[in-house]
Every structure is written in C-alpha cells, then in structure tokens.
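Here are the chains, one letter per residue:
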Amino acid sequence: MSDSVVIVGAGQAASQLVASLRTEGYAGTITVVGDEPYIPYQRPPLSKAFLAGDLARERLFIKPEEFYAEAKCHLVLNTRAVAIDRARKVVKLTDDLELNYTTLVLATGSRVRNLPLPGGDLPGCFYLRGIADVEHLQNRIAPGASLVIIGAGYIGLEVAAVAVKRGLKVTVLEALPRVMARAACAEVSAFYLETHRKAGVDIRLNTKLEAIEKNGDALMVRTSEGPLPADTVLIGVGIVPNVELAVVAGLKVDNGIVVDQFGRTDDPAIYAIGDCASLPNTYAPGGRVRLECVQNAIDQAKHTAATICGKPKPYNEVPWFWSDQYDLKLQIAGLHSGGGQLVLRGNPADRSFAVFHLEDGVIVAVEAVNAAPEYMMGRRLIAARARVAPDRLADKAVPMKDMA
Amino acid sequence: MAKIKYIEHNGKEHVVDVKPGMSVMEGAVKNLIPGIDADCGGACACATCHVYVDQAWTGKIEPMQEMEKTMLDFAEAVESNSRLSCQIKVTEALDGFVVRMPKSQH
Numbered sequence: 000m001s002d003s004v005v006i007v008g009a010g011q012a013a014s015q016l017v018a019s020l021r022t023e024g025y026a027g028t029i030t031v032v033g034d035e036p037y038i039p040y041q042r043p044p045l046s047k048a049f050l051a052g053d054l055a056r057e058r059l060f061i062k063p064e065e066f067y068a069e070a071k072c073h074l075v076l077n078t079r080a081v082a083i084d085r086a087r088k089v090v091k092l093t094d095d096l097e098l099n100y101t102t103l104v105l106a107t108g109s110r111v112r113n114l115p116l117p118g119g120d121l122p123g124c125f126y127l128r129g130i131a132d133v134e135h136l137q138n139r140i141a142p143g144a145s146l147v148i149i150g151a152g153y154i155g156l157e158v159a160a161v162a163v164k165r166g167l168k169v170t171v172l173e174a175l176p177r178v179m180a181r182a183a184c185a186e187v188s189a190f191y192l193e194t195h196r197k198a199g200v201d202i203r204l205n206t207k208l209e210a211i212e213k214n215g216d217a218l219m220v221r222t223s224e225g226p227l228p229a230d231t232v233l234i235g236v237g238i239v240p241n242v243e244l245a246v247v248a249g250l251k252v253d254n255g256i257v258v259d260q261f262g263r264t265d266d267p268a269i270y271a272i273g274d275c276a277s278l279p280n281t282y283a284p285g286g287r288v289r290l291e292c293v294q295n296a297i298d299q300a301k302h303t304a305a306t307i308c309g310k311p312k313p314y315n316e317v318p319w320f321w322s323d324q325y326d327l328k329l330q331i332a333g334l335h336s337g338g339g340q341l342v343l344r345g346n347p348a349d350r351s352f353a354v355f356h357l358e359d360g361v362i363v364a365v366e367a368v369n370a371a372p373e374y375m376m377g378r379r380l381i382a383a384r385a386r387v388a389p390d391r392l393a394d395k396a397v398p399m400k401d402m403a
Numbered sequence: 000m001a002k003i004k005y006i007e008h009n010g011k012e013h014v015v016d017v018k019p020g021m022s023v024m025e026g027a028v029k030n031l032i033p034g035i036d037a038d039c040g041g042a043c044a045c046a047t048c049h050v051y052v053d054q055a056w057t058g059k060i061e062p063m064q065e066m067e068k069t070m071l072d073f074a075e076a077v078e079s080n081s082r083l084s085c086q087i088k089v090t091e092a093l094d095g096f097v098v099r100m101p102k103s104q105h
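Residue numbers (numbering that gives the first Met the number 0), protein chains in the order written: chain U, 0 to 403; chain V, 0 to 105.
Extracted from the complex, chain U is given alone in its bound form (with noise of 0.2 angstroms):
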C-alpha cells in the first residue's frame, strides 16, 4: 500500500500543511477530513472586515479549488473523524467510512467555549467561529438594533467595533476588571477601552451574568448591574483545543495535544499541529504552550511537513498575533509571564504606541498600536533574547532599527 498522509481538520494549518508537503517533495495521497462544508479558509476576517461586509466570501479561502486538485489532496467535507484506531493505523469517519494512513496529522482546531448560562442557547444568541455563524449575526446587524456581546475579548471587541460603525446600539459585558485581559496590559486595555467608549460602545466592566431570558420577541440579559433588553446576543468567552479524538485514542494530552519541537505526539506515526496542540517553545514562560494564532499554525505547518518528508526541522518560533478595531492596528509578539517590566514607548494619546515586556532585563513581548516599526524589530529583538535598556527603549528620539 502506499505511503498516506491523512490530516484531520480543514483550517489554516490543514491547508499550510498540503501545501508544505508536496514542495518539500511529499509523494504519497494526502487527504483533508474536515467537518465544515468549505475548503479550508481564513478565521481572523470573520469577525472583522467578512462580518462589516467589506469581504466576499470567496475571499477568505485560503486557496482555490484548484490548488487542492493540482496538490493531488484528496478534500473529504462535511465529515467528521470519530476514532483512530492505532493498531490498524485507521481514522474512522462519519459514515462508517475508513482511511488509512502512514501518518496521521491531528489539525483538529479550537470551539468556542460554551457559557454555561440559563438561556445562552435561546434563538438570538450566537457564537462567532466559522463562516455560518456570521452569515445567520449578519442577518440581525442592522441599524438601531441592540446588540449585547458578552466577554470583552478580541473576537467580542471587534464585532463591537464593527457593529457600532453600522448603528446598532452596542454593550459589551466583561467579568473582568478590564478588556482583552488575557491578550494585552493594563496601559493597552485601558487604551482599548477608551476608544470602544468614544466609538459609543457602552463596556461594562466587573459585571456578572445571570441568566438570558426571552423578553416578547427578543431577549433581556439579566446581569449583576440590572437587566438589559437586546435583539441579539453575542458571545464571545474563548476557545477550547478540539482534543476528544487524541484523549480517546490514548494520546497525551494536557491543555492541548503534548507534541515535541517537531510536531511529533507519544505516537511516532501521529502528530498535531496549530490550535490543538500544546508544544515545547523556548519563549513561553514554563517552555510549554498552546497557541491561538495563525502564525503558529503556518509556522507548525511548515516544520512538521518538513519532518514528516525526512527533514526534521525543529519549531522555536516568536509567535505574533494582531487585532483591527476602527482604524486602529494592534500587533502583538512574544510571549509573558505578567511579572515582568513594562516599558512604554510613544503615547496612547497620539493613537500610536508600543508596550515591551522585559523579564530579567529581557525583551520578550511587545504590543503595538499603529506601531509597525516597535512591532517588527521588536520581533527580532524577541527572537534575539535582546537586553535594551528600558530607558532607550522608551526614547522616541532612538528609531527602533537601532535598538539591535
């Protein structure tokens, strides 16, 4: 029989993966089992410029087609794996059907995160992961209409951006003391929080939730600050690593599917990559880390591809992320542990900022706000394990390029 690469899930890292594979020389079939109806496309324009409406459809995939056919990748849709059986080397699918593989890559993704709240599954209330989850929120954005995001995140921040430009009458509830508290300081959320408030986003902060309640035709949120009416509900709370199918396969799994430097889980011929999978990277604090990003997925992609070809190539890459609320551009790079020095550099005040992290003297992270230069060299700077003084860090008058 020949050599197969079966990779479980159609997202970014999927489609990277393919397409590694046959330019490192890869000549076996590969095959993509994925659970949604579309080939593999784009996640971070969905809750931005694909929901504003500003993004055709057929712009978010990633490839055409054509790619896949001329790759000789073998795309099995709307299908969903359900076990692998190790032994027999097999991934059963939906339908009774089998596959079987040579190596088997899990590319299986992230859900979002359910809020266990009475009501959060009455009709109105939506999540935002996929293409159809913004096509049915794009019917109720309309103008005048209230919307109520629940979770002050990334992904709640800019549907909250995008649906107060169009005139709906937009408030954010937050649990916590402050927005986007797991992605950014205390100076860049307060920045964040301040530009919603002016955009005419009502943002409330340390609020709890109790119950989401059906109120005539639309719903009416009761939270610990008192009851609010809104036609539609959205909630964004996170993520969660899709890893059912490695747990019940008996592979390690702790937060996300344990792979090494090289993609590799406990099993030599099965490996997980992107959003699923927990691996060892010398910049995260406590060497070990699950990302959320598309950087890691490509970057994974790439390194495994390269492995799985006879050409392990270890991954110890600076991960990047970015945000884009109003005209507002936040890139991040690096990894912290939070105990670490802030360096602030530029001012909120003139809409363009960066915040460094410096751990031990360190720079291992940065934040920028329409701050491209701090941005790109602060990579390098990361990447480079760079000590710059906090105080030349900070001076504008010093241009980024020669902080090195």
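Check each hint, because a few of them may be wrong.
Claimed, not checked - Computed list of lysine-lysine pairs in DSSO-like fashion (alpha-carbon distance at most 30 angstroms, straight line):
| id | chain 1 | residue 1 | chain 2 | residue 2 |
| --- | --- | --- | --- | --- |
| 1 | V | Lys4 | U | Lys71 |
| 2 | V | Lys68 | U | Lys197 |
| 3 | V | Lys68 | U | Lys395 |
| 4 | U | Lys310 | V | Lys29 |
| 5 | U | Lys62 | V | Lys29 |
| 6 | U | Lys47 | V | Lys68 |
Stated by the list, open to error - So the derived list for chain U, only partly shown, Cβ under 7 angstroms to chain V, looks like this:
| id | residue |
| --- | --- |
| 7 | Gln41 |
| 8 | Phe66 |
| 9 | Trp321 |
| 10 | Gln330 |
| 11 | Met375 |
None of these hints come from the bench; they were simulated from the model.
Don't be surprised by glycine CBs; every beta carbon is placed ideally from N, CA and C.
Chain V: place on chain U using the hints.
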C-alpha cells in the same frame, strides 16, 4: 479584468487575469503562483507578500500608507520599488501591471 504579470525570482513568468477589487497578493495566491506567502492573509501584519513593482509602473499606483511603509522597512532585501502586494488594489487601470518576487519572504 486586469492582466498582471508575476515574475518569480528565478525568472519564471506568470500572466493571469485578476478581478478588480482583489489585491495583487490575492491575484498570485488564487492563481497558485509561488513566491508570495501572505501569512496574515492581507491584514498588513506580516510583510510576507513583498514584491518589486516594475519601474514603468511605480508612479501609476496608489502610494503607500504609513503602516505599509514601516512594515516594509523591516522586510528583507527592500528596494525603492518594494511594496507589500496585499496593499495594492487591482483596478482596470492596472491592466499590464508587472511585479517581481524577492528570493524569499522570510
């Protein structure tokens, strides 16, 4: 439609029709032309869609915004005619446009 010529670093040429409204980057990716990575998908966040605009065209396309200019500052092998192809919007006026790809995007 606008006819765009993409020239790989090794000299291989690709001429394709690109729909107005798309970016020059999308024209390459949708037509399976190698040499443009575009990791971030066109968000001007990664600088991996770097191209060199043919000298005959440099004055005829929309000038760079600040974000693109500063992202490019930190890309490899930047020349005076360097652009990020995700930021060049295709119009009918771009019919006959020519770009060359750098050796590497990383």
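Hints, one by one, checked against the model:
A distance of roughly 26 angstroms separates the Cα atoms of Lys4 (chain V) and Lys71 (chain U); the hinted pair therefore holds under the 30 angstroms criterion. At roughly 29 angstroms between alpha-carbon atoms, Lys68 (chain V) and Lys197 (chain U) fall within 30 angstroms of each other, so this suggested pair holds. Between Lys68 (chain V) and Lys395 (chain U), the direct Cα distance comes to roughly 18 angstroms. Compliance with the 30 angstroms bound is thereby established for this hinted pair. Straight-line distance between C-alpha atoms of Lys310 (chain U) and Lys29 (chain V) comes to about 29 angstroms, which keeps the hinted pair within the 30 angstroms bound.
Straight-line distance between C-alpha atoms of Lys62 (chain U) and Lys29 (chain V) comes to about 6 angstroms, which keeps the hinted pair within the 30 angstroms bound. At most 30 angstroms may separate the alpha-carbon atoms for a hinted pair to count; Lys47 (chain U) and Lys68 (chain V) meet this at roughly 23 angstroms. For Gln41 (chain U), the interface hint holds, since its Cβ comes within 7 angstroms of a Cβ in chain V; the closest pair sits about 4 angstroms apart. The interface hint given for Phe66 (chain U) is met, as the beta carbon of that residue sits about 6 angstroms from the closest beta carbon of chain V, less than 7 angstroms.
Using the Cβ-Cβ criterion of 7 angstroms, the hint placing Trp321 (chain U) at the interface with chain V is satisfied: the shortest such distance is roughly 4 angstroms. Look at Gln330 (chain U): its Cβ gets to within about 6 angstroms of chain V, closer than 7 angstroms, so that hint holds up. A cut of 7 angstroms between beta carbons decides the hint on Met375 (chain U): the least distance to chain V is about 3 angstroms, and the hint holds.
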